[in-house]
Amino acid sequence: MRSDRSPWNWLLLIPIVVPLIVPLYNEEEPSLFGWPLFYWLQVAFVGLGVLVTVIVYRATRRNRTDRAAARDAIARDQER
Amino acid sequence: MDGINVVELVVVLTLFLIVTVMGFAAARWRRAESLMHLDEWGLGGRSFGSWITWFLLGGDLYTAYTFVAVPALMFGAGAVGFFAVPYTVVIYPLVFLVVIRLWSVSHVRGFVTPADFVRSRFDSPTMALLVAITGIVATMPYIALQLVGISAVLKSMGFSGEGLSGELPLIIAFLVLALYTYNSGLRAPALIAFVKDTLIYLTIIVAIIVIPAKLGGWAEIFNAAEEKFSAGGGAGVTLPVTGQLGYATLALGSALALFLYPHSITGVLAASNRDVLKRNMSALPVYSLALAFIALLGYMAIAAGTTPIGGDSNTIVPELFQEMFPSWFAGIAFAAIAIGALVPAAIMSIAAANLFTRNIYKEYLKKDATPHQEAQVAKVVSLVVKFGAVAAILFIDPQFSIDLQLIGGVIILQTLPAVALGLYTRWFHRGGLIAGWVAGMVAGLVMLYNIPRLGPGGEVVREHFGGSSFALAKLGLDVESSVYTGFLALLVNLLVAVLFTVLFRAMKMDEGVDGTADSDYTAEREDPTFRELPDPLESAPPGPPGEPSARR
Chain A
1 MRSDRSPWNW
11 LLLIPIVVPL
21 IVPLYNEEEP
31 SLFGWPLFYW
41 LQVAFVGLGV
51 LVTVIVYRAT
61 RRNRTDRAAA
71 RDAIARDQER
Chain B
1 MDGINVVELV
11 VVLTLFLIVT
21 VMGFAAARWR
31 RAESLMHLDE
41 WGLGGRSFGS
51 WITWFLLGGD
61 LYTAYTFVAV
71 PALMFGAGAV
81 GFFAVPYTVV
91 IYPLVFLVVI
101 RLWSVSHVRG
111 FVTPADFVRS
121 RFDSPTMALL
131 VAITGIVATM
141 PYIALQLVGI
151 SAVLKSMGFS
161 GEGLSGELPL
171 IIAFLVLALY
181 TYNSGLRAPA
191 LIAFVKDTLI
201 YLTIIVAIIV
211 IPAKLGGWAE
221 IFNAAEEKFS
231 AGGGAGVTLP
241 VTGQLGYATL
251 ALGSALALFL
261 YPHSITGVLA
271 ASNRDVLKRN
281 MSALPVYSLA
291 LAFIALLGYM
301 AIAAGTTPIG
311 GDSNTIVPEL
321 FQEMFPSWFA
331 GIAFAAIAIG
341 ALVPAAIMSI
351 AAANLFTRNI
361 YKEYLKKDAT
371 PHQEAQVAKV
381 VSLVVKFGAV
391 AAILFIDPQF
401 SIDLQLIGGV
411 IILQTLPAVA
421 LGLYTRWFHR
431 GGLIAGWVAG
441 MVAGLVMLYN
451 IPRLGPGGEV
461 VREHFGGSSF
471 ALAKLGLDVE
481 SSVYTGFLAL
491 LVNLLVAVLF
501 TVLFRAMKMD
511 EGVDGTADSD
521 YTAEREDPTF
531 RELPDPLESA
541 PPGPPGEPSA
551 RR
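Note that the protein sequences, when read in sequence, are chains A and B. Per our numbering, residue 1 is the first one in the first sequence, and the count goes up by one each step. Per our numbering, residue 1 is the first one in the second sequence, and the count goes up by one each step.
Just chain B, same shape as in the assembly (with noise of 0.2 Å):
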């Protein structure tokens, strides 16, 4: 126990078990349905309500590896990195109009995934799962990733340790949570967000008072910022020019990329009414201005000349608090981070799992698969992803999930025309979404595969997969400016999926039976045809598309 903080391990230890003892309780709430109600919080009913669903989304959407990558690339790259302050900003109201549809569709027709709704609105089994398979490539690599911000803070700590010795930390905390997802469901997470989100903003509003009057103010720490980028003629803490087009469109393609992510659906999909969704829009952005502190928490380890710990830019933050905070609050941010990464994985290993179960093995392993086998296969599932995730990261190198993750984002948007388009129209014909979704995934894979990863000086330090801006001028256009990949990649499949839609057309080709109505998309909590869904892993799924059956 060379070199470990005590202090700060109790600290760690002792939230993390309030964590776990709250996980497997929320499992007990639910079969006491009449005595606890919690009314507003929703746990004793089957769906959330404003509060829950703000905390559950909240901890869903701003995961700890956000904590940890954005500060990290604020520190190394400096302005690019606040691009994740207009990105949680245009997304709301992006998706104000878009989720609440979404909610309406899903609780008529009883789906739990968007590949059920694809494979309903367009009536093809194909698409949906090209959706399925995509979505669960996009979440795996995400999963693991929430894995690199715990062990960013078990290294601050002292857990140097190689092998296994030094990755037993790591292998506890998440066999702790497969289990009690897989005990609880998409309850324990809930109930563990409300302790995560405490902590996080207590962290930053602590860190927000005490480490700018430590470094002797705000100003101090811009300028030391500006100092260390505006050096060899940089931009400063500014944006170049050629750097604006690049920063805009990766902000939007990324806020058009989160909400089709199967784990924000499967938040989405849990608030008990429309009004709650809407009201969550507004709430939400609370999350964006934590967020906004939190990057600049990259130039404060600037100004602290904070140093990453074997080069690990990840671990700059945990690094900074170590400095700057007394062992016992370092510890308190530790476990912030920590607890942070557990509710993310808990909600994307059900997403992915659900996927699996419902798109892949119901719809092509085996068709006749009773509910009770279904629920028996989508909890196996959901913990071979989560230890998947651990396999990865123990055993591949980190930088190959990172990788990942961000041909995720760039693969996961490729939905966007099926899935997000779909719940406003039908003109696309199903075979047009395949043809561009293919279009889209080849043109965003050649680009991520053309781009350079360049060092401090320009030279080239890998020659693919180095990033997810990719530079105008290779496509022959006399600028210098770049654009986010994902998004240039979305365009070539919309104009794809237009033009085989005219196409197939023209052809007359079948284009199936809608399985939605007009009025499936407005439909509010109070209608006949509303009904419950299934509570992921818990319960059996409802009956097929098309057989609208309402509960009683």
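Just chain A, with the same shape it has in the complex (with noise of 0.2 Å):
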């Protein structure tokens, strides 16, 4: 039987909790291109999350066989 379970998903916590630490981002020094740290740290988050989201899909992603299979499945069912 398959799983998804990997050591890689623990990755994943870092932009949950992080985003929700408030006192490290609620300040306004130091400021970058006119924005406040509370708007453009928040904002770099975004970065973040991205990231670590791509990794981990990187990181967890089938072998090149298992993706054709799903292809051919999906090209399967839309010429039906």
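Be aware that a few hints might be false.
Computed spacing ranges between beta-carbons, pair by pair [claimed, not checked]:
| no. | chain 1 | residue 1 | chain 2 | residue 2 | range |
| --- | --- | --- | --- | --- | --- |
| 1 | B | Asp312 | A | Arg5 | 49 to 59 Å |
| 2 | B | Leu394 | A | Glu28 | 41 to 51 Å |
| 3 | A | Arg5 | B | Thr14 | 48 to 58 Å |
| 4 | A | Ile55 | B | Thr529 | 24 to 34 Å |
| 5 | A | Trp8 | B | Lys508 | 32 to 42 Å |
| 6 | B | Phe395 | A | Arg58 | 48 to 58 Å |
Rather than coming from a laboratory, the hints here were simulated on the basis of the structure. Owing to the predicted nature of the structure, the values given are computational and were not obtained by experimental measurement. Here a beta-carbon is modelled for each residue, glycine too, at the ideal position from N, C-alpha and C.
Since each chain comes alone in its own frame, lean on the hints to assemble the complex.
Printed below as a string of structure tokens:
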């Protein structure tokens, strides 16, 4: 049986926990391009989220044959 | 037609017409399946590839109301309105693993709604009914709120007429929406989402280039906000120390709630395979980035000295565009908001109709309904739901819908133990889940009832249902912090569910039979157990749970 468990999944905790630690960014300085820290850092967390989910996706991706099988299945269903 | 900006009206009408034609054409595309092989767009098949899923989920989750209400909150309350950003950052890693399990088990067992899953997993039609009712009640005001977005735009364009003539454009817009969803099902919003997002992104990119330049730069914008919110000893553009816990719990609670809404689940299930969903969890944050800029439109409005029409803060964004853009571009921006309301409204009404048909009508009202009857009921209900939303906005104070939506977020969270945790464990006893749901509901509603709305000077404007942030001091704790009500109610729910599970198990109460197998949760597209789900509103639902019938 397949499993969707992987140690890589633990990485997902980072972008869940960090944006919720409010004291980390509840300041005005240092500002960036006129944006107070509160705003630019939270926007930067968007990038953190993308980075981590991309890493986890790539690290836990199935092998080439399996992915091809899934693609074939979609193609098969579409031709039906 | 006094006071109506003709250029804006023409632009909006033109774009609306294009969208309407697309909405109806969506049905034709399906009939010409073999001819229109849009491949990645997946419109020829019955499920959506990465791109279309991105547009569909994006259009579904980031609604027109969000685009209007978040800047309105920033304009009125400052930093706390920015919670929308951490909320939409934490959500994707949070559900990354959850949605793929939901997708797999649904495609093996033929589940279309979250209630279908709960019924089969916990062998409990009662808990399924509770999930269905919660879903419908939480979704209805959400649909109505989409209209608030459209009506804010209409007000800005000069449609200030009282009574029926003033509301006529709104009625027409929703009538058109109702007809093409009826006609084309989920395919219509999927196609229209493409136009909507193109317009939204175009508007935002232009807005963040043009408006700060006109106002003298970002620093000026933040200074204006700082000045407004530090008056009278406020915390300026950051949060007061006592507001930090509330900010974090509001972001987390909202994130937990979003994918429990039936319309999010409808969007997720339409994806063509697990990889599509995983990729989307990385791609959807692009919308969060856009949302951050949209939120800051509220501060831009402060710097520009924009005043809302008739004290309705929801008109702040359209009014800002009106002042900053030439009419033709303001028209494009308005069309983006108006069309943006149609996509989620369509998906929400489809999701609510499915819940009613499958989990209430078929389960309780007419057990021997034929597939044809079922599809017919779903279609009619999707219409009723939309007209109900229009009626709610026309005949009841829109504030009522806003209050209901606030409650909606709190109550939908009460389905988390059964729906989300249920995807991982069957440890909870079905009776425990029901007890937890009841406790969470009661706790949530009692807390919301006891939250007053305070005016700028701290005086009580309204006694009840004044917001979602619950002061911990009311529980006898000696702190000044507040917490998001939904979060507290969920804790109560979980605690009661655990206690009653232990209790019922000790009493050896029947736990029912799990209608799913462990391997269902990791099933992939190419597996023999995989089956396509019925297209919502269009074809017959699959057989009863527990009879996995491979398609061929």
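Against the structure, the hints come out as follows:
1. Restraint check, B/Asp312 to A/Arg5: a C-beta distance of roughly 50 Å satisfies the suggested window 49 to 59 Å.
2. The hinted range of 41 to 51 Å is satisfied by B/Leu394 and A/Glu28, whose Cβ atoms lie roughly 44 Å apart.
3. Remark: the range hint 48 to 58 Å for A/Arg5 to B/Thr14 is upheld by a beta-carbon distance near 52 Å.
4. Distance hint for A/Ile55 and B/Thr529: a CB-CB separation of about 30 Å, consistent with the stated range 24 to 34 Å.
5. A C-beta distance of roughly 41 Å is found between A/Trp8 and B/Lys508, which places it inside the suggested range of 32 to 42 Å.
6. The supplied range of 48 to 58 Å is met by B/Phe395 and A/Arg58, whose beta-carbon atoms lie about 53 Å from each other.
The structure agrees with every numbered hint stated previously.
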